[in-house]
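Following the hints, position chain B against chain A.
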Amino acid sequence: MTFRWLAGKLAAALLTLVFVLIFNFFLFRVMGDPTTQLARLPRAAPEEIASLRHSYGLDKPLLGQFADYMGDTVTLDLGISQRTREPVWNEIAHALPWTLLLVGIGTVLSVLIGAWLGVIAATRRGTRSDSGLLGFSLFTYAAPEYWLGILLILVFAVAIPILPAGQQVTPGKEFDSWLAHAADVAEHLILPVATVTLMLLGQFFLIMRSSMVDVLTEDFITVKRATGLPWERVVRRHAVPNALLPLVTISAIQLGAVVGGLITIETIFSWPGLGELTYTAINDKDFPMLEGTFLVYSVGVIAANVLADCLYFGLDPRVQTA
Amino acid sequence: MRRLCALAVGAALAFALAAAPAGAQEGKKVFRIGWGQEPQTLNPFIDEDEEDFVVWSINWRLLADFSTKDLGPVPGIAQSWQVAPDKKTVTFKLFANQKWSDGQPITSADVKYSLETFAPNSLLFGSYVDAIASIDTPDPLTVVLHLKSPDARIVGGLFVYILPEHVWGKQSVKSLTGSYKPKMPLVGSGPYVVTQFQRGRIIRMERNPYYRGPKGRFDEVQLIKYGNADAVERALRLGEIDFDREVDPSAFARVGKQRNIKTIQAPSPSFTQLAFNLCNERNCPDAKFNPGVQDSVVRQAIAYAVDRNRINQIANRSTSFVGHGLLPQFYKSFYAKPADDYPYDVAKANQLLDAAGYARGGDGIRAKGDTKLSFDLAVRTESPFNIQAARLVAEMAKRIGVEFKVQIMSVDKLTEITTQKKRGKMAPDFDTFIWGWGGDPYDPSLLLNLLTTKAIGGSSDSFYSNPEYDRLYEEQASEFDPAKRKQLVSQMIAISQRDLPYLVLTVDPVLQAYRSDRLANVQRLCPAPNGDAICEQVTGAPFTTLSPPLAAAAAKDEGGGSPLVFVLIGIGVLIAAVLAFTLRRRRKSADEPVELEV
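These protein sequence lines map, in sequence, to chains A and B.
Each residue of the first sequence is one higher than the one before, starting from 843 at the first, in the working numbering.
Each residue of the second sequence is one higher than the one before, starting from 3 at the first, in the working numbering.
Just chain A, with the same shape it has in the complex:
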C-alpha cells in the first residue's frame, strides 16, 4: 500500500516536471531572439550575428531546438549560458547556496514566528492582541515583497543607517578570518531575511490561527481542561500538535510563492542568488540560463509537494487508510 502510494505520487511528480519542461521551453521562446539587439549595433556584421545564432542553435527550426533541449536536459546537461559562457549548472551551483541561505532562514523564522503569533492570537480570540496581530499579518500578507524590502532599506539603511542596503558582503572588503567574513554576511543577511520573513509570515499566522481556533473548539480540548490540566499545557501539548498539520502542507506549497518573491527580493538587495540570476537572464534573453533556473525552481516546488504529501502520510493516519 505504502509503496504503491509513493510510486503514484512520484509518477505524478515526474509527469508535472515533464509538462513544466515543455512549457518552459516554449514560454521563453516567446520573449524573442537574444541576438535581435545585435542588429542595432552597427559594428556587428550580419555574418557575425549569423555565426552567433548558429553557435546558440537558434538557426535551427523550433522543433529541432526543442529536441536538442529535451535531449540535453534528460542527460542533465543544461547547456552553456549565452551571456557568461559558463555551464548553466556552474552558475546555478554558485547561486543556489545564497538562495538557500536566504530562503532557509527566512522560511524557518516565518514558520516559527507565524505559528507562535497564530497560537497567541487564537488563544486570545476577540481581544485587542488578536485584532492587532490579525491586522499586522494581513498587512504583511497583502504588501508586495518589493515594497516591504524597499521600506526596510529606507528605514534601516538610509534613514537610520545601521544595516547595509544590499549585497551579500561588503564589496571589495578583504577578511582576516572566516569568522569576520561570516559576520559580514550575517550583517548583510538581516534585511533580506527580514523581508522574506515578513513576506511569508502573514500566511503562516493566518493558517495557524484558524487551525488553532478549530482545534480549541474540539471536544477533546474541553475534556482535557476538565481533567484539571492547566490551560497552557492543553494548548502546548494537545492543541498545537493537532493544529500544525495544515502548516506542513502550506509550508511546502508556499515554496512556489517564495520563488516568485525571491526574484524581486534578490534584485532589490543585490543578493547573488537564483532570483538575481533569473532577473539577469530575463533581461539578456539567456534561454539556457532561464530554462535551468526554472527547472531548479520547478524541481524544488514539486519535491517540496511530494515531501509534504509524505509528511502528511506519516502524520495523519486518515491519509494512510484512505
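Hints may contain errors.
[Claimed, not checked] Partial list, computed: chain B residues near chain A (C-beta under 10 Å):
| id | residue |
| --- | --- |
| 1 | L125 |
| 2 | S181 |
| 3 | P211 |
| 4 | E242 |
| 5 | E418 |
[As the list claims (entries may be wrong)] Listing some non-contacts, in silico: residues in chain B with all C-beta distances to chain A over 12 Å:
| id | residue |
| --- | --- |
| 6 | K101 |
| 7 | E118 |
| 8 | P187 |
| 9 | E248 |
| 10 | K334 |
| 11 | D372 |
| 12 | E397 |
FYI, nobody ran anything at the bench for these hints, they're computed from the structure.
Computed from a prediction, not measured in an experiment: that's the story for all the values here.
For every residue, glycine included, the Cβ atom is placed at its ideal position computed from N, Cα and C.
Showing chain B alone in chain A's frame:
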C-alpha cells in the same frame, strides 16, 4: 539556564566583535564605481555589452588613442604615424621600451596579431579592418598598413584594442570565439588592469606598473555590481561607492540634490530619431508603407511641427540634448549645427502642406488624392522614453493635420518589420518608427553610413538612397585632412536634413554622479569641456588624474565601529530575554498537577 543565557549573549558579542575589524584595506586608495549590469566574460572576441567596453578601454590602449580634449587621434601604442602620398599606406612607429602589465615588451607582432587575427574574428571589431589589405612589420617598432583604398578611419578610427599576442595567441581562434574566458590578470597596456572578476560581485583593477603615462592616484579601481540602478543610486548616497556611471534619467534630478553628490550630464555619440520608410521600388519592390511618408515636403512639415525641446523636457526629463541633424554634438571635430534645423514652427508646417496641396478632411486629417497623411508610428515596448516621445510626436502632428497611430511593439517585432526580406530584397513594413543609434568615439563614418545605399540590407533602416550622399560618404572616408573632411561631412548633413530620412529628436546623454567628498580632480572630458568624467568606453586616461581628496581619504579609512555590533548585541539580549522568560514559565509549570490520561 543562566549559563545558557550568558553563552548566547557572549556568542553574539564574539560574532559582533569579529565583524569589527575594518579589513585588510586600510591605507589603500580605492576608487569604487557602481553599476547595475556587468560585462559578459571580458573576452573581446565574443562580448558585445557596453560594460565590457568600459573595462576594455581602461585595460587596453589602441594603436592611436582618443584625445580626452576633442577625441582626435593621439599617441597610443603608436608614437607617430605617417600617411603615404597615395593614402594607401600608413606607417605607425611604436613607442620604444613599452611593456605589457606582465613586463613583456609591446611590439609590432602584437599589433599584427590584433589587426589580423583578433579583429576579423571578433563580433564587433571586424568592420574596422575591412580596408586593410596587408600588414608588414619590418621591425619590432614599425607597423605598415597597406590599404585596399584610402580610408581615414585608419588614423583616429581604428577602434581595435591591441592585445598581447603572447597571451591570446596561445589559444586557437575556435576556442577564443567559443566559450573561452580570459585568465586573470588580464594582461594589458592601460593605466589599470583587471586582476579579479567575481561574477555578480566585483571587478578589481590594479594599477599597471608598466603603464606609459602618469600613474593613477588610486591603488585600485573597483567596479561593483548591484541588482539594479536604484541599488546603485542608494549605494552612492550611502557612500558605499564613489561613482555611479549610469544614473537613471528619471532619478537624475533627485540624485543631484543629495548632499555631497554632484551630477554630470554629457552628450554621447548616440541619438534617438524618428525614422521614415523611404525604400524605393527598385530596392524594395514588396515594401509596405503609406506613400505620403515618401514626400519630402510632408517630412519637412512634420519636422517643423515637432517641438524637439518639449520632447526632451517631457519624455526625457530634460536629461537629453536636442538633436540637430545626424551627428550629435559629441563629434566635436565634425559637428556643425545644420542650416536646415527645423525650429518649432507650426505655421510654417501648415503653410508647407497647404502649398503642397494637402487639404484637411472632415476628420481634420490632411489628404491629397488617395494619400491620407495618417501614419503608423512603431515604438519599442522596452523604452518608456521612446513611447512617451512617440505620443508627443502624435499629439504635435495633429496640429498640422497629420495623424500618427502609435503602435507599441516588442523589439523583435520592430526589428522584424524593419529588416524583413521578400524575394531576396528588403521588404520593410512600416511608415515611421522611433529608435536610436550609437556611433564611434571620434570617427563619424559609422553614423553617416546609416544613410548610404550600400547600408541597405545591413544597418540602413530608413532605406534612404541618394547617389550624391553616397559619393560624399566615400570622399570623406578617404580624406585624412580633418578640416577638409569636416566640410564634406557638413555637405552630407545638409543633404540628410533636406531629405530627412531621419528626424533626429534628441541626443542621448551620459548621466553620471559622484561623491564630491570622496573624489577630487574631476574634469569634464571626452570631449572637453562638456564631456563625461571617466571618458567611458573611450579611454582610460582620466583614471590617471582622478584622485581622492586627502582629508576625505583619511576619514574614509577610519572605519569606525560596525553597526553589526549593536544589532547583534540587541539580538543576543533578545535571545537571553526569551530564554529567561521560558525558564520562568517552566519553573512555574513544574508546580502544576500531573496530567491524567483520559
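Contradicted hints - numbers only: 3
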